[in-house]
Each structure stands twice: as structure tokens, then as C-alpha cells.
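In order, the protein sequences belong to chains H and A. Its first residue numbered 0, the first sequence is counted upward by one per residue in numbering that gives the first Met the number 0. Its first residue numbered 0, the second sequence is counted upward by one per residue in numbering that gives the first Met the number 0.
Keep in mind the hints are simulated off the structure, nothing from the lab. Incorrect hints may appear among the rest.
List of simulated lysine to any residue pairs, SDA-like, C-alpha gap at most 20 angstroms [what the hints assert, rightly or not]: (1) A:LYS350 <-> H:VAL411; (2) A:LYS350 <-> H:LYS350; (3) H:LYS350 <-> A:GLU407; (4) H:LYS354 <-> H:THR210; (5) H:LYS456 <-> A:PRO38; (6) A:LYS350 <-> A:VAL329; (7) A:LYS354 <-> A:ILE200; (8) H:LYS501 <-> A:ILE545; (9) H:LYS350 <-> A:HIS488; (10) H:LYS456 <-> A:HIS488.
Covered by chain A, per the in silico footprint, the following chain H stretches (three or more residues, Cβ under 8 angstroms) [claimed, not checked]: (11) 169 to 180; (12) 383 to 390; (13) 459 to 473.
We treat Cβ as the ideally placed atom computed from N, Cα and C, and that holds for glycine.
2 protein chains.
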Amino acid sequence: MTPPVQVSFYGGLGEIGRNMAAVEVDGRIALIDVGLAFPDAEHHGIDLILPDWAQLRDRRKDLHCVVVTHGHEDHMGALPFFLREFPGVPIYATRLTLGLLRAKFEEYPDIEADLREVEAGERVETGPFDIEFVGVTHSIPDGLAVAFHTPHGTILHSGDFKLDQTPIDAKPTDLPHLAQLGDAGVALLLADSTNADQPGITRTERVIGRTLREVFAAATGRIVCTTFASHVHRVQQVLDAALEAERMVCFVGRSMIRNMPIARDLGYLRYDDSLIVDLAEVERLPRDRTLIVCTGSQGEPYAALSLMAAGEHRQVSLRPGDTVVMASSVIPGNENAIYRSINGLFRQGAKVVHKGIADVHVSGHAAADELRIFHNMVRASSFVPVHGEYRHLVAHAQIAIETGTPTEQVFVCEDGDTILLENGVAKRGESFKPGLVFVDGLGVGDVGNAVLRDRGKLSAEGICIAVVTVDQHSRSQGVPTIVQHGVLHEPSQADLIDQATKVLTEDLHSAGDGDHAVVRRTCVQTLGRFWRETTGRRPVILPVVIEV
Amino acid sequence: MTPPVQVSFYGGLGEIGRNMAAVEVDGRIALIDVGLAFPDAEHHGIDLILPDWAQLRDRRKDLHCVVVTHGHEDHMGALPFFLREFPGVPIYATRLTLGLLRAKFEEYPDIEADLREVEAGERVETGPFDIEFVGVTHSIPDGLAVAFHTPHGTILHSGDFKLDQTPIDAKPTDLPHLAQLGDAGVALLLADSTNADQPGITRTERVIGRTLREVFAAATGRIVCTTFASHVHRVQQVLDAALEAERMVCFVGRSMIRNMPIARDLGYLRYDDSLIVDLAEVERLPRDRTLIVCTGSQGEPYAALSLMAAGEHRQVSLRPGDTVVMASSVIPGNENAIYRSINGLFRQGAKVVHKGIADVHVSGHAAADELRIFHNMVRASSFVPVHGEYRHLVAHAQIAIETGTPTEQVFVCEDGDTILLENGVAKRGESFKPGLVFVDGLGVGDVGNAVLRDRGKLSAEGICIAVVTVDQHSRSQGVPTIVQHGVLHEPSQADLIDQATKVLTEDLHSAGDGDHAVVRRTCVQTLGRFWRETTGRRPVILPVVIEV
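So that you can see chain H by itself, here it is in the shape it has in the complex:
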């Protein structure tokens, strides 16, 4: 008579991709991933977006462990914040994932972490949980799918994966292991939907190596190559091609410099020390004998490549004849920043090779035909598409139905939805309403949508402040002081401020006695009308009433 197993989706089902799910067995909770998302322009000034784990606060004692599927920020990036609230919860992950997590925790010296290494193929029993780890290929090594064997059936979470049959580490997603799980019976499958609306299969990572060798062989000046600092296999291919092209390699950019030695020390990256030079040396070597591997593939304003594109990198300059290879994807929302980088690189005279014109990137996620294979291996009796925007989840649901999952056992969920699994049958549970938890400066969760709306309005229209001094009867005294910021270019428009002051003085005078609220309302109405009529703008009007 064990209660149903509950799966709760805290994030990753929708446009804000910070991944986190919970599996609750017998009153104990295991989390799968605790990731963060990076803000868009509409998240004015916000630094990070975390999952909203508010409802776990009442379940503190029931939190049993966290399983991290792989070392990307959207899967493990929120852990420092999580551990501040829930110190000591054990974290299970593979060796590389833990290596990157340790490096991250160095920036948060207050964090206590209980890190437990597991490896693909292993099975761990802890509390009511019986967890089996399956190796998967992704755009970072050492990724996992995770199976929870529960009293009500096996739940399999795919992690982020693709079916590259010739990955760089020769460890393709463990289809035989998935087939075994399928033979034994998977009651509920949760699987990566990122590329569910892309037909065909994602090509092997090895195609990039071929392109790199060709491009490097043809290059006559310096080569700069950018990719994600966690894409160890991509960097491996760059290093191998650099060796073949007899070029020395220099890592540039904080995360590149931090991650590559970790990956090498842990055995995920192979290169000879003689291949590597530091930045000071690079400038002394012939341009056609050097290659720089750097961050900045997304046009991030202060990343190495962006600075080079703007001609503002202190140590590295580009010249006509140099080649820049952007061995990276375009993350939606970053298009304009990336194009600005590319335009800047061309202005420096560089030749730019990017995925729009050459095979220098493949995705880390399975496309539709790979998903079909995956579903036919696992043969789950119920399915929830995860890791994607709604359009991807719908496309993936369709694939599950095509490959035999009964339509009524396929659930398109959103953040905050739950699924109950009982005797191998899934059904929807009660939903909760998770919000977006913003990190802004030192604050976690103290800036919400109201503040963002304020900032949005300030951003579009500016602000006008009216300081009105009143006597104890709220009668306006003297002349109000009007100050604006972001409404207009003050030096050239000082007369508008004078006019506004005149109009407001008159209106305050005719408003007569009242209270502070009347004074405030007069300011808002008069100045709102004034700016609308004179400039067509609608700044925030902020009255400050001072009683003297």
C-alpha cells in the first residue's frame, strides 16, 4: 500500500529553461537537476533565473538527494543557491560533472556540499530510492540518463542526449542498457525534447573535425576558434586539428582557462603540454603558427571574442588574413549580439567561418528520428516530454504516440505540473504554481515581476520627479522642483522643464487645500498630460511631497 510515486516539474518545461524535477517515493524526495537560466532583455538587469523551490521549504526533512545528469548550467547552475537553503543534501553525479561543480563551488566558499561520484552503468540504493545510471552522449562528456526503480514501476529520465554513433569518446548513448530497461518495463519516461521538431538525426560530432582540419589547413594568418567552454569534445577536435596544422594553442577567457585543465586532469581531454602557450607568448610567435581557443560564442559583451571583434581586447588583435571559426550554436535571443560580433570580426579584416556557412556545429540533442529509436528501445507505458518549449513538447508527444505510447498516457506538462504513478499507470496530479526566482546583485527572489514592470516602464519612457513642498495644510509652497531622467536630452530641452514647472505650479495652486494625496494626484495628472502633449511620451511620474 505504498502511496503513488509523484513526479513534480519545477522547471525546464517552457521558455525559461532552468531544469529541475522531483521524484517522491514514500515521502522522500530526490531531485533531478537544479539548473539556472540566463535572462533575456525583458528581464531588465536580472543576473540569473532560478527554479522556484518554495514548496520544498516545508519538506526540508524529506529532501533525500539531488541527481545531476550533466555539467551544464541549466542543469546544475542553481545548486549554490539551493545548497544555501538546503545545506548538506547529497549530490550524485559523474566525475566530470563533479569536477565542474567543485570549480563552481570555489566561487561560493560558504557552500557545504556532499558530493557523491557515480558512473554510467552503476546502480545505487539510498533510502527508498533504487537509482540506475545510464551513459548518454551530449555536448558535454559524462552525461547520464537516470532510472528510478520504484514500487509503482520504473521511471526513466533521459537527461540531455543524442544518439551520435561515433562520438569523440567512443561512448555512444548506451542503447543496449536502455533496451534492457525496456525489456524489464519502463512505466514512465521523461525525455529531452529540444530537437523534437527537427526531422532526421543530429549529425555526428566528428563532421566538425573534418571541417576544422580543412579550414585550419587553408588559413594563413592567426586562427581564433570559439566554442562553449564546457564542450570538451569540440575543444578536443580543435586541439587535434591544431596539432595537425602545426599550430600552438592558447586558451583565452576565464571559463576556458578554468575548465580545460579540469577536463584533462579527469581524463576527458587529451593534449600535450608542448602544444599549449600562454597569452604573453602568443604575440611573440608567428601568426600562422598559433591558434586561440576562446569564449564569447554568444556575443557576450565582455567575453574574449566580443572584445576582439570590437578591437578592444588588450592582448589579442586581429588583422586582415586572420581566420575566426565560430564552432558554436546560436542560442535564441542572442542572434543580434552574435551578428554584431561577426560584423566586427569582418571589420577587423578577419575571415569568419560560422555555422551559417560551414559545418562547424552540430547540436547536442537528438532530432526526431533519434527520438523514435529511443522510444522504441525504452517502450515506456507512459510519457512526459521534458526539456523544451511548448512547441517542442508537443512535437515530442506526437513522436511518443507514433512509436506506440498510448495517447492517453502521454502528458504534455508545464512547469508546476505533477504526475502520479500508481501500479504502472500515470495520471495528472495537482499542479502548483512556481514563479520565476530572480537573482539580482546580492538579492535572491526579492525582485519580482512588479519591479521588472517598473524597470520596463523606466526603460521605455524614463522618469519625471516632482518635488513639492507643502505646509501643514498640504498647501503647495513656492515652486515645485521638476527633474527628469531618460525622458529627454536635458541641455537642449531645459525650456520644457521650465514650462512643466509653470504648468504644475498653476495647477497645484488651483487645486487648493487638501492632503498629500491630492498634491500627488495633481502632479501625476498635470505632468502626465504635459509630457504626453509636448513629447508624446509617458514617463513614470513620481511625486515627492515634503512638508516644511
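Since chain H is already given, all that's left is putting chain A on it; use the hints.
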């Protein structure tokens, strides 16, 4: 001994694509296009971006005419603002372009326009200008390339074009005419670079018709189809496919409702009135007998499709089983808005067919292999790539060189550059420094980068105002009033304001006597530090000193 002909680039060479160029012959100036650009998120609250024609103000009497190549906003959208400054300058354009321009001018009743209709193949002599118009195919009918026969050689501007050999109006870009011009000799070519880095050719518009017929035949519920309201041929194909699918058509969205009758009245669009229903009727007809053609392909917040996606359109709702066809491109910068629309449409239960998964869009611009054909027709002796970001201009320059233009006669220019043509030889002239002219509300050009920087800072960090009353010796009186907007969520953080007030009171007290500047500096320093230390944020600090 006529002076060299000067070509000046006012816009369209770079990331802000409002197109405008000037050809000066014998002291008289003809403009090619006067377009506008739409702002990005980084242009906080700006409505439109115009070319900076400041230096034409001194040349008012020399302004001879404007030639508009086609009816897109980035080529003619700034004309109302231009004509306010330069009333009565004659505008030459084709019938459809003028039809759309007249409709636009209805929104600007103060505008006086001297509109002069020309047609492809025509040649017009006016003042020192001898202008020949060549028909080109684009994503709007009735587009033109423009040749200026000058004493120093012929200058050909391609307009926006592609080489679709089976366009919907059976009027492909007039290659024989271009060949004739080439035979006679083109001294300087300016040509569309938008797709210069895309290999191959842009497929014919007709492929869309095939897809539409298939999708419409398979649809069981309502069909909603969105595209650009100026893409007359795309709409023609939607109407034809709707007729074949026996569906009544309803136009939704202001510009769609405005433009389609214009296009039909002028003979560019054919449909029978019996095919069209209005919005009130649509809801009374069976869902599988209706089709809505609407605006909103770019995810614009208040456009018809966006409202439907959010379930907020007053008259049109979507249901499971409906089909939405997005027969449109993704303009860079709009990706997230468009994906949000698509996700919303899926949430309403609709099937969404977009260019990512079906042939429902082709570009209006020539790809690299078409450009090669174009260059080989024209055989110009010098070349400036226009209409593109820097990366496109560089790619197009390469194509010109490949097809035989001498390298030293290929000029990659940017906004503000000029080219001098003398005796058939081109060279760089002096550059000017055009800015970006922003339209914000009623203001044209009064908001500049300084105001945008202010808004950007407000947007990211919010603002904190300190009102300090001082006596005549600038000694702070009483307690300052501190108000914030966009820094934090005030109700939950009122104690922070109290703390800030306390700290500032003390610091003002210890600052002692001085002048207003000292008081202001104390506010900025104390509050800056306070917010940084307590919240990690750096709001704009705005001190207001009131002498009582």
C-alpha cells in the same frame, strides 16, 4: 569639365537597415529610397529610426528628387518625416509603391507630396538626371532597379531583388534589360547584399503555393495564415489555395485590411469578392470552411496573431484541430517573440506550420549564385555592395571580385561613406558621420544616445531619488526623503529605505557646511555605497536639493 558624380550612403550599410543613398550630378541631388528601421530592445522605448539627413539641410535648394525602389518601410517609411523638412521634393515610384505611399500619407495629413508615377522600362530625364527604371522581382510587386546615366558613366542601383524565374506575376527581374545596360557599360554598380553569404539560389515563390495547397487540403478546423501585409504575391497564393480548398477568406489586422484592397484596385492582386467575408461573419461559418489571413508574423505584441496566440483576440479564438500557417521569415531580433507566439498557438491546441518545418517561406533577396548571374549581366567596372550588415557586404564584395570586377574598384562602404565617379573610375570620397535619428513619441531626433544610456541604466538597475532640504548655507535640514523605483519591491523592503535614510542623514550631518554640490555628492556616494553593499545593485542616484 563636369565635376565628379558623388554617391553618398546615408543608410542601409550596416546593422540598422534604413536605406537611403544620394546621387549628386552637377550640384543637383537625387535620393534613392528614404527608409526607416524598427528599433531593437536596446533602443529603449524608441518608436522608429530614421536616416540622418542633417547635411542635406544646407543643400535644400539642390534637392532634386527622390526615387523609391519599392514599397517596403525600410525603403520609403521615413518619407513623411523627410517631406516635413523638405516639402514638395518630387517622388518617383511605380504604381503599387505610390499606392502604398498614399495610404501611408493619410496618417500624416500635413504632408505635401509630389508623386510621379513611373514604370519598369521607362526612362526619365529631369534636371541633370537621366534615369532608367528596370523591373526587378522582390517580396513585394513592382520593384525597381534604377540606372543613372551620368556624364561620368552609368550608375546602377539594383534595389532589392532576386532572380526568381517563375514569379507569381510572371515578371522576372529584367535580365535582358540589365544585359543591355551592361553592353552599353555600367561604371558603378550598387547591389543588394542581404543574402550574399547564402550559397545557391533563392527558390521560387511558387514552392509556397504547393505547400499551402497540401496544408490546406489536410486541415480539418479553421486555418489562420500569417504573412507580411506587403507580400502581395504570398497573399495571392494563400487566396488561390483557399479558393481551391473551398474556404472563405477574412483579412484581419490593420495593415492587411488596408493594403489588400489597394493591391487589388491597382491590379496586383486578383480575387473575387465572393471569396471574402468579414470578421463578424467568420464566426458564423463552419470552421473548416474559413481561412483568416492576418498580421503578426513577427510576434509583434498587439498584432492579430499574437493576440490569438495569447488567447486574447476579441473576435477570433483558436481550438484544438485548427491550423496556423506562418508563411513568413524570422527577422533577426524577433526570434523570441515569434517562438513565444508559436508556443502560445500550440497551447491553444493549434497545429503550427512554420518555415522551420515546412516550405512556407522563401526570401525576397538573391542568394550568392543569383548575384553571380547578376554581376555577369551587368559587368560593372566598379562596385559597392549595399543593403546588408558588414558580413553581407564583405561576402558580396567577394562575389563581385570572383565575377571580374577589379579588386581595387570594389569598395566595402559603411553609412556615411561616399564614392566619387569620374570618367568611369570610382574612388572613395570624404566620409561624413551620420548618426541615428530616433523618433520617440512626437519627438524626432531629440532623443539621442545619452538619453538611451540613461534609460538603459534605469532599465537594469532602477533609480533612487534623495530629496534633501537645506538652509541658505547648504546645511541639511531635518531628514532627507528617499524614494526608489525599480530597485526593489518596496512593501517588503521598507526597512531598507529607513536604513538608507538614517545613513544618509548621518553622512549629510558630518559633511557639514558647503554648497549644493557637496550635498549632491554626499547623496550619490552614500546611497551608491549603501545600495551596493545591501543589494549588490547600482541604481541611478538622483539627488534633489531644495533650499527652504
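Okay, the hints, checked on the actual structure:
1. A:LYS350 <-> H:VAL411: Since the Cα atoms of LYS350 of chain A and VAL411 of chain H sit roughly 15 angstroms apart, the hinted pair holds (cutoff 20 angstroms).
2. A:LYS350 <-> H:LYS350: Measuring from Cα to Cα gives roughly 41 angstroms; hence the hint is violated.
3. H:LYS350 <-> A:GLU407: holds, 19 angstroms
4. H:LYS354 <-> H:THR210: Roughly 11 angstroms separates the two Cα atoms, so the pair holds.
5. H:LYS456 <-> A:PRO38: Between LYS456 of chain H and PRO38 of chain A the Cα gap is close to 16 angstroms, so the pair holds against 20 angstroms.
6. A:LYS350 <-> A:VAL329: Between LYS350 of chain A and VAL329 of chain A the Cα gap is close to 19 angstroms, so the pair holds against 20 angstroms.
7. A:LYS354 <-> A:ILE200: OK: LYS354 of chain A and ILE200 of chain A at ~17 angstroms, within 20 angstroms.
8. H:LYS501 <-> A:ILE545: holds, 17 angstroms
9. H:LYS350 <-> A:HIS488: violated, 48 angstroms
10. H:LYS456 <-> A:HIS488: Since the Cα atoms of LYS456 of chain H and HIS488 of chain A sit roughly 15 angstroms apart, the hinted pair holds (cutoff 20 angstroms).
11. 169 to 180: Violated - the region 169 to 180 of chain H has 0 residues with a Cβ nearer than 8 angstroms to chain A, which falls short of three.
12. 383 to 390: holds (count 3)
13. 459 to 473: Satisfied; 7 residues make the cut.
Consistency note: the structure conflicts with the earlier hints numbered 2, 9, 11.
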